[in-house]
Amino acid sequence: MILESICVGAFQVNCYVLASGKESSAIIIDPGDEKRKIEQILNKYKLNPIFIINTHGHIDHIGCDNEFGIPIYIHRDEIPLLKDASLNLSNFLSRSFKVKSHLIRPLNDKEIIELEGIRLEVIHTPGHTPGAMCLLMKSPKNKILFTGDTLFFHSIGRTDFPGADERFLIRSIKDKLFNLADDTLIYPGHGPPSTIGEEKRNNPFLY
Numbered sequence: 111m112i113l114e115s116i117c118v119g120a121f122q123v124n125c126y127v128l129a130s131g132k133e134s135s136a137i138i139i140d141p142g143d144e145k146r147k148i149e150q151i152l153n154k155y156k157l158n159p160i161f162i163i164n165t166h167g168h169i170d171h172i173g174c175d176n177e178f179g180i181p182i183y184i185h186r187d188e189i190p191l192l193k194d195a196s197l198n199l200s201n202f203l204s205r206s207f208k209v210k211s212h213l214i215r216p217l218n219d220k221e222i223i224e225l226e227g228i229r230l231e232v233i234h235t236p237g238h239t240p241g242a243m244c245l246l247m248k249s250p251k252n253k254i255l256f257t258g259d260t261l262f263f264h265s266i267g268r269t270d271f272p273g274a275d276e277r278f279l280i281r282s283i284k285d286k287l288f289n290l291a292d293d294t295l296i297y298p299g300h301g302p303p304s305t306i307g308e309e310k311r312n313n314p315f316l317y
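The numbering used here puts the first residue of the sequence shown at 111, with every later residue one more than the last.
Any given hint could be a false lead.
As the list claims (entries may be wrong) - Dumping the calculated PhoX-like pairs for lysine-lysine here, alpha-carbon to alpha-carbon at most 20 angstroms:
{"#": "1", "residue 1": "Lys220", "residue 2": "Lys208"}
{"#": "2", "residue 1": "Lys253", "residue 2": "Lys220"}
{"#": "3", "residue 1": "Lys132", "residue 2": "Lys310"}
{"#": "4", "residue 1": "Lys208", "residue 2": "Lys193"}
{"#": "5", "residue 1": "Lys251", "residue 2": "Lys284"}
{"#": "6", "residue 1": "Lys310", "residue 2": "Lys286"}
{"#": "7", "residue 1": "Lys154", "residue 2": "Lys132"}
{"#": "8", "residue 1": "Lys253", "residue 2": "Lys210"}
{"#": "9", "residue 1": "Lys208", "residue 2": "Lys248"}
{"#": "10", "residue 1": "Lys193", "residue 2": "Lys210"}
{"#": "11", "residue 1": "Lys193", "residue 2": "Lys253"}
{"#": "12", "residue 1": "Lys220", "residue 2": "Lys284"}
{"#": "13", "residue 1": "Lys145", "residue 2": "Lys208"}
{"#": "14", "residue 1": "Lys208", "residue 2": "Lys253"}
{"#": "15", "residue 1": "Lys220", "residue 2": "Lys286"}
{"#": "16", "residue 1": "Lys251", "residue 2": "Lys145"}
{"#": "17", "residue 1": "Lys193", "residue 2": "Lys220"}
{"#": "18", "residue 1": "Lys248", "residue 2": "Lys210"}
{"#": "19", "residue 1": "Lys210", "residue 2": "Lys220"}
What the hints assert, rightly or not - Okay, the calculated beta carbon distance ranges per label pair:
{"#": "20", "residue 1": "Cys117", "residue 2": "Arg205", "range": "34 to 40 angstroms"}
{"#": "21", "residue 1": "Phe121", "residue 2": "Ile222", "range": "18 to 24 angstroms"}
{"#": "22", "residue 1": "Ser130", "residue 2": "Asn312", "range": "29 to 35 angstroms"}
{"#": "23", "residue 1": "Pro250", "residue 2": "Glu133", "range": "18 to 24 angstroms"}
{"#": "24", "residue 1": "Arg186", "residue 2": "Asp285", "range": "19 to 25 angstroms"}
{"#": "25", "residue 1": "Pro250", "residue 2": "Pro272", "range": "26 to 32 angstroms"}
{"#": "26", "residue 1": "Asn252", "residue 2": "Asn201", "range": "35 to 41 angstroms"}
{"#": "27", "residue 1": "Ile222", "residue 2": "Lys251", "range": "18 to 24 angstroms"}
{"#": "28", "residue 1": "Asn158", "residue 2": "Pro272", "range": "23 to 29 angstroms"}
{"#": "29", "residue 1": "Gly179", "residue 2": "Ala291", "range": "24 to 30 angstroms"}
{"#": "30", "residue 1": "Phe315", "residue 2": "Gly131", "range": "17 to 23 angstroms"}
{"#": "31", "residue 1": "Phe315", "residue 2": "Pro216", "range": "28 to 34 angstroms"}
{"#": "32", "residue 1": "Lys251", "residue 2": "Asp194", "range": "36 to 42 angstroms"}
{"#": "33", "residue 1": "Ala120", "residue 2": "Ala291", "range": "30 to 36 angstroms"}
No wet-lab data here; the hints were simulated from the structure.
Please read these numbers as outputs of a predicted model, since none were measured by experiment.
We treat Cβ as the ideally placed atom computed from N, Cα and C, and that holds for glycine.
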């Protein structure tokens, strides 16, 4: 399996490229900026990107969505952010960015996304945004959770943006993420990786 993290853009977003192996199809998670850096990873392994998954719809995670010309999967409650510059916060950067409607594919909670042996389960985790979601990947060797801006290493997502709710965010983490195995690896939208067990024990925002 190939799992590469690429730090992109002014807001240092972790974009992930996921594939079953070299010269295969690939998933891009949160291509927020710097398409060229993402393409370098795709070219390194001779990967063909098939679709994008956005963990949520803020500009720092969706900025390159239109540039690959492939379907974009996102939770259905998050679609308004892709179409509204004030909700995705691009208007604050004077970009007025919107994702092309014909590329958008809605997802539901607990839906499974599969590609060449890679299997991701959608976990709807509202709080940072109404349609924020995490992606759980289970394989024989690893338990991996892509948490977007829901859960970070010793931190949680911001709740001072439109549509955010701190109570929902904490409930999402405790009820939906902390019931996963302690050795589940966390790959967040910003910052270093962690584990569920580490965040249960030491995240100061949750106790």
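Hint check results:
{"no.": "1", "hint": "Lys220 to Lys208", "result": "violated (26 angstroms)"}
{"no.": "2", "hint": "Lys253 to Lys220", "result": "holds (16 angstroms)"}
{"no.": "3", "hint": "Lys132 to Lys310", "result": "violated (35 angstroms)"}
{"no.": "4", "hint": "Lys208 to Lys193", "result": "holds (5 angstroms)"}
{"no.": "5", "hint": "Lys251 to Lys284", "result": "violated (25 angstroms)"}
{"no.": "6", "hint": "Lys310 to Lys286", "result": "holds (13 angstroms)"}
{"no.": "7", "hint": "Lys154 to Lys132", "result": "holds (9 angstroms)"}
{"no.": "8", "hint": "Lys253 to Lys210", "result": "violated (33 angstroms)"}
{"no.": "9", "hint": "Lys208 to Lys248", "result": "violated (32 angstroms)"}
{"no.": "10", "hint": "Lys193 to Lys210", "result": "holds (8 angstroms)"}
{"no.": "11", "hint": "Lys193 to Lys253", "result": "violated (33 angstroms)"}
{"no.": "12", "hint": "Lys220 to Lys284", "result": "holds (17 angstroms)"}
{"no.": "13", "hint": "Lys145 to Lys208", "result": "holds (17 angstroms)"}
{"no.": "14", "hint": "Lys208 to Lys253", "result": "violated (33 angstroms)"}
{"no.": "15", "hint": "Lys220 to Lys286", "result": "holds (11 angstroms)"}
{"no.": "16", "hint": "Lys251 to Lys145", "result": "violated (30 angstroms)"}
{"no.": "17", "hint": "Lys193 to Lys220", "result": "violated (24 angstroms)"}
{"no.": "18", "hint": "Lys248 to Lys210", "result": "violated (31 angstroms)"}
{"no.": "19", "hint": "Lys210 to Lys220", "result": "violated (25 angstroms)"}
{"no.": "20", "hint": "Cys117 to Arg205: 34 to 40 angstroms", "result": "violated (20 angstroms)"}
{"no.": "21", "hint": "Phe121 to Ile222: 18 to 24 angstroms", "result": "violated (30 angstroms)"}
{"no.": "22", "hint": "Ser130 to Asn312: 29 to 35 angstroms", "result": "holds (34 angstroms)"}
{"no.": "23", "hint": "Pro250 to Glu133: 18 to 24 angstroms", "result": "holds (22 angstroms)"}
{"no.": "24", "hint": "Arg186 to Asp285: 19 to 25 angstroms", "result": "holds (20 angstroms)"}
{"no.": "25", "hint": "Pro250 to Pro272: 26 to 32 angstroms", "result": "violated (41 angstroms)"}
{"no.": "26", "hint": "Asn252 to Asn201: 35 to 41 angstroms", "result": "holds (39 angstroms)"}
{"no.": "27", "hint": "Ile222 to Lys251: 18 to 24 angstroms", "result": "holds (19 angstroms)"}
{"no.": "28", "hint": "Asn158 to Pro272: 23 to 29 angstroms", "result": "violated (36 angstroms)"}
{"no.": "29", "hint": "Gly179 to Ala291: 24 to 30 angstroms", "result": "violated (37 angstroms)"}
{"no.": "30", "hint": "Phe315 to Gly131: 17 to 23 angstroms", "result": "violated (38 angstroms)"}
{"no.": "31", "hint": "Phe315 to Pro216: 28 to 34 angstroms", "result": "holds (30 angstroms)"}
{"no.": "32", "hint": "Lys251 to Asp194: 36 to 42 angstroms", "result": "holds (40 angstroms)"}
{"no.": "33", "hint": "Ala120 to Ala291: 30 to 36 angstroms", "result": "holds (35 angstroms)"}
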